[in-house]
Amino acid sequence: MQELIQAAQAALTSKEAAFIIGYALTPDGKKTRPFIARTPDEAAKLVFNHTCAHNLAVYLTRIAKPKEGKMGIVAKGCDTRAIVALIQENKITRDQVYIIGVNCSGVTADVTLPFGADNLPSKCIMCQVQVPPVSDVLVGTAAPYDKPKDAVTERMQLLEAMNEHERFAFWASEFEKCIKCYACRQTCPMCYCEQCIVDKTVPRWIESSASLRGNFSWNMIRAFHLAGRCIGCGECERACPMDIPLMLLNRKMGMVAMQQFNYRHGVNPEEPTLVGSYNMQDNNEFFK
Amino acid sequence: MKIGVFICYCGENIGRTVDCAAVAKATAMLPGVAHSEDYKYMCSDPGQNLIKQAILDKKLDAIVVGSCSPHMHEKTFRKAAAAAGVNPYMVEIVNLREHCSWIHDDIPSATKKAIDLMRIAIEKVKRNDPLTPIRVPVTKRALVIGGGISGIQAALDVANAGYEVVLVEKEPSIGGHMSQLSETFPTLDCSQCILTPRMVEVYQHPKIKLYAYSEVSNVEGFIGNFSVTIRRKARGVRDEVCTGCGLCVQKCPIKKAQNSFEEGMAIRPAMYVPFPQAVPNIPVIDREVCTYYKNGKCQMCKKVCGRDAIDFEQQDTFVTEAIGAIIVATGYKLYTIDKKPENSLIKGYGEYGYGMYKDVVNGLQFERIASASGPTNGEILRPSDKSEPKKIVFIQCVGSRDEAKGFTYCSKICCMYTAKHAMLYKHKVHDGEAYVFYMDIRSGGKMYEEFVRRAIEEDGVKYIRGRVSKIYEDDGKLVVKGEDTIAGMPVTINADMVVLATAMIAQSEAPQLAQMLGVPYDTYGFLQEVHPKLRPVETSTGGIFLAGACHSPRDIPECVAMASAAAAKTMVLFGSDMLEREPVVAKVHADTCAGCFYCQKVCAYSAIERKEIRNRQGELIKTIAYVNEGLCQGCGTCNATCPSKSVELIGFNDEQIFNEILALDEVF
Numbered sequence: 332m333q334e335l336i337q338a339a340q341a342a343l344t345s346k347e348a349a350f351i352i353g354y355a356l357t358p359d360g361k362k363t364r365p366f367i368a369r370t371p372d373e374a375a376k377l378v379f380n381h382t383c384a385h386n387l388a389v390y391l392t393r394i395a396k397p398k399e400g401k402m403g404i405v406a407k408g409c410d411t412r413a414i415v416a417l418i419q420e421n422k423i424t425r426d427q428v429y430i431i432g433v434n435c436s437g438v439t440a441d442v443t444l445p446f447g448a449d450n451l452p453s454k455c456i457m458c459q460v461q462v463p464p465v466s467d468v469l470v471g472t473a474a475p476y477d478k479p480k481d482a483v484t485e486r487m488q489l490l491e492a493m494n495e496h497e498r499f500a501f502w503a504s505e506f507e508k509c510i511k512c513y514a515c516r517q518t519c520p521m522c523y524c525e526q527c528i529v530d531k532t533v534p535r536w537i538e539s540s541a542s543l544r545g546n547f548s549w550n551m552i553r554a555f556h557l558a559g560r561c562i563g564c565g566e567c568e569r570a571c572p573m574d575i576p577l578m579l580l581n582r583k584m585g586m587v588a589m590q591q592f593n594y595r596h597g598v599n600p601e602e603p604t605l606v607g608s609y610n611m612q613d614n615n616e617f618f619k
Numbered sequence: 000m001k002i003g004v005f006i007c008y009c010g011e012n013i014g015r016t017v018d019c020a021a022v023a024k025a026t027a028m029l030p031g032v033a034h035s036e037d038y039k040y041m042c043s044d045p046g047q048n049l050i051k052q053a054i055l056d057k058k059l060d061a062i063v064v065g066s067c068s069p070h071m072h073e074k075t076f077r078k079a080a081a082a083a084g085v086n087p088y089m090v091e092i093v094n095l096r097e098h099c100s101w102i103h104d105d106i107p108s109a110t111k112k113a114i115d116l117m118r119i120a121i122e123k124v125k126r127n128d129p130l131t132p133i134r135v136p137v138t139k140r141a142l143v144i145g146g147g148i149s150g151i152q153a154a155l156d157v158a159n160a161g162y163e164v165v166l167v168e169k170e171p172s173i174g175g176h177m178s179q180l181s182e183t184f185p186t187l188d189c190s191q192c193i194l195t196p197r198m199v200e201v202y203q204h205p206k207i208k209l210y211a212y213s214e215v216s217n218v219e220g221f222i223g224n225f226s227v228t229i230r231r232k233a234r235g236v237r238d239e240v241c242t243g244c245g246l247c248v249q250k251c252p253i254k255k256a257q258n259s260f261e262e263g264m265a266i267r268p269a270m271y272v273p274f275p276q277a278v279p280n281i282p283v284i285d286r287e288v289c290t291y292y293k294n295g296k297c298q299m300c301k302k303v304c305g306r307d308a309i310d311f312e313q314q315d316t317f318v319t320e321a322i323g324a325i326i327v328a329t330g331y332k333l334y335t336i337d338k339k340p341e342n343s344l345i346k347g348y349g350e351y352g353y354g355m356y357k358d359v360v361n362g363l364q365f366e367r368i369a370s371a372s373g374p375t376n377g378e379i380l381r382p383s384d385k386s387e388p389k390k391i392v393f394i395q396c397v398g399s400r401d402e403a404k405g406f407t408y409c410s411k412i413c414c415m416y417t418a419k420h421a422m423l424y425k426h427k428v429h430d431g432e433a434y435v436f437y438m439d440i441r442s443g444g445k446m447y448e449e450f451v452r453r454a455i456e457e458d459g460v461k462y463i464r465g466r467v468s469k470i471y472e473d474d475g476k477l478v479v480k481g482e483d484t485i486a487g488m489p490v491t492i493n494a495d496m497v498v499l500a501t502a503m504i505a506q507s508e509a510p511q512l513a514q515m516l517g518v519p520y521d522t523y524g525f526l527q528e529v530h531p532k533l534r535p536v537e538t539s540t541g542g543i544f545l546a547g548a549c550h551s552p553r554d555i556p557e558c559v560a561m562a563s564a565a566a567a568k569t570m571v572l573f574g575s576d577m578l579e580r581e582p583v584v585a586k587v588h589a590d591t592c593a594g595c596f597y598c599q600k601v602c603a604y605s606a607i608e609r610k611e612i613r614n615r616q617g618e619l620i621k622t623i624a625y626v627n628e629g630l631c632q633g634c635g636t637c638n639a640t641c642p643s644k645s646v647e648l649i650g651f652n653d654e655q656i657f658n659e660i661l662a663l664d665e666v667f
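For the protein sequence lines, the chains are A and B, in the order given. With the first sequence counted from 1, adding 331 to any position gets you our numbering. Oh and the second sequence: position 321 is 320 in our numbering, straight run, nothing missing.
Any given hint could turn out to be false.
Unchecked claim - List of simulated lysine to any residue pairs, SDA-like, C-alpha gap at most 25 Å:
#, chain 1, residue 1, chain 2, residue 2
1, B, K621, A, R425
2, B, K332, B, Q276
3, B, K389, B, V478
4, A, K531, B, K644
To be verified - To give an idea of the interface, some chain A residues facing chain B are shown, with a C-beta separation under 8 Å as derived from the structure:
#, residue
5, C527
6, F592
7, G607
8, M611
No wet-lab data here; the hints were simulated from the structure. Don't be surprised by glycine CBs; every beta carbon is placed ideally from N, CA and C.
Using the sequences plus the hints, can you model the full thing?
What follows is the structure, encoded as structure tokens:
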């Protein structure tokens, strides 16, 4: 912990970073919440533990860019994919961010319960980046942890085995729950549009009422807008108050991108994005 | 808003299946419609007058015409509306003919569909905005790529019309393949004698800037406003001081370089001009063979040059030219029969022994042999032992019309040049025998059939219909095994020499150039015109025209005609100072654009640029997408890609489309 605070204080003191987006304890001291440290004193409050599940990269496009210094951010390995994706999509440049990479030993799925093999989110079960691949300074240690079988993968296989009517019925029952709170959008680091298509009123492409038809349009359009772009942090699903398994959709899209085009978003800042680039070697078999 | 509706019968075309009067009556009831009528021929003068009169009488703001395809008469009705004071973009055309009457036969349901189609357009026109055409300035300067006969003709025509021309040729001299030919069909006049005056004219023309030994390396911009970067390859000779005296060429001790102008049948020095009439007459150092570039020795050319023009260290230089129109005249090359196939379409003709037997030559090699300036000074002597061949076999369609080993297309000129070759042979070797193996004789053209008949009847060339299966050498003779399909018998000819009429194929760099220019090309690599009949020299990219064999195999008269046509199209473009174009272009809403630039990535016309939005203090607020109206073709790809729907296509904006769909909703 001291290592993280020292790194943050050094970056703020040297004016390398104008602020550090990180985690601080909640008043009850049991969980963590996003926290922006602007002075070395404030940086002393920074923490990192198993409850730091949030992907803070979402703030990089929400916060006003500082006139001097970089935007400092505390990032787990999985979070750096969002940062790289934002660089790929022209939202930020690499020299606008100062990344304090934290070696991660996994986070909890339910922050109110203790960390353990039965309380791991899917992204930690599948994790291959306990050590952040991109960072300006690296802190902490990555301890191995027990990874159980991924329930999401099994659920996806069940869905894939269904016919289109069964699958439609499944999603209808899930989307029926949606209350259009847009928490999924607000927590998504890749949802950075200044005006979301759902908020466009002339014309109104997506019904804003929380009806099944409008819910379908909203959730499907969001999934399409994330196709080949989702970096798999799972924040949408974690934020969803109605427990809609949104990552089933997003992960399937990511798998298609991988299988069809051998593409993974947010890995290489120099790589052209999948949507919007054409390669002569692209798989064209789906043209019928 | 007051909308006028006009339903055309198109004679019987629409009226037969659609009850036009009923459509007019039904649409008259729709909200916003102030006037509705039907007429037999709306495009006729009285029909147009009906529209004009209704606009004036009822003070209409917009009109919807139910007629034929907008491709036919949109312009007509827009002009009629404009004449009566309505903005031409407040006119919508509903294609009641192709989209309704021609494809249905049940009158009641066709009529119902016609009313639906009209309702859709009425909902759209309510949301149309009066638009004005976009005007962009035109740089009245043409670029011609390729200095063969097509490029020369196009350059001269444009220059003679008074416009500046930049001519780029990749070889050290202009002239192209035509400069290699001996005599030309069907008149047998000497190719160089008719070509070289044109080459000199190009060189001396005050309006033509010639970049020989240069290549186009980059093209940016759009119709009327291209910026073209040209790479001037280093000759090793400073062209601004060289007088072309030729002393360096004479004194160059390295004499054994392959002479590509003579199709490899002669040698030349390392310092060379391709042929005596070269334009410009400035030598080039072949750096592959020159000893200076190997070990720094010799420098004989530098010692003898009285003008100090030799510069061994010369580097390629780049110049950028402002250009308004581009004429592509990059020509063709020959099917490579001997070498390793350069693409999957070419399988080769190993059984003909080209490259293995010296006396099996291709068409261009025979041209050099028959040419008075060629390696044999015009005597017909075979390459192996320089003896006069007494029996010669010509094989047509080597690579052409052969799906198995070559290309499906016909190379078009081979029937004629083979007849010419056989004739030239007979004129020079009176006691010789000439045989031609052919599939068909395709001699369409003025005096062409007569020419072939002359070869057969007057000069006694023996034509055998059939293919050759094998050629092999036996006792100094080339044994040609083939079939006479008319006699139904195998034929064997012991020949002294064989000439293969190899296919004309696209230049290997053609696809690369086409991609740089944004011009489509076909599977063979030939560049594609917009319309095969009505717009044969224009490409789908505005301001880029095609001339000659880069488009398809063609002979000299056709190349010249096409070059003049491309020049005429260029002059039409240069005829006005400003270019008017349809205002149907994309527009970015700066307030909601998030600057992801997915639109920029998908734009096929490079029409999306980045624009910085700054506050009054000059601080950068955000970078957004911006549409260059000169480049935008209004395809709408950006519109579909934008996740926040911050790009709209003017004239087809989201609101218009949405309401068109809503109008249909009432149907379901």
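Verification of the hints:
Distance restraint check for B/K621 and A/R425: the Cα-Cα separation of roughly 17 Å lies within the 25 Å cut-off, and the hinted pair is therefore satisfied. For the hint pairing B/K332 with B/Q276, the CA-to-CA distance comes to about 22 Å; that is within 25 Å, so the pair holds. For a cut-off of 25 Å, the pair hint linking B/K389 to B/V478 stands: about 14 Å separates their Cα positions. At roughly 8 Å between alpha-carbon atoms, A/K531 and B/K644 fall within 25 Å of each other, so this suggested pair holds.
Checking A/C527 against chain B by beta carbon gives a least distance of about 6 Å; that is within 8 Å, so the hint holds. For A/F592, the interface hint is violated, since its Cβ never comes within 8 Å of a Cβ in chain B; the closest pair sits about 15 Å apart. The restraint placing A/G607 at the interface with chain B holds, with a minimum CB-CB distance near 3 Å, inside the 8 Å limit. A distance limit of 8 Å between C-beta atoms decides the matter here; for A/M611 the minimum to chain B is near 11 Å, and the interface restraint is violated.
Checked against the numbered hints listed earlier, the structure breaks hints 6 and 8; every other hint is satisfied.
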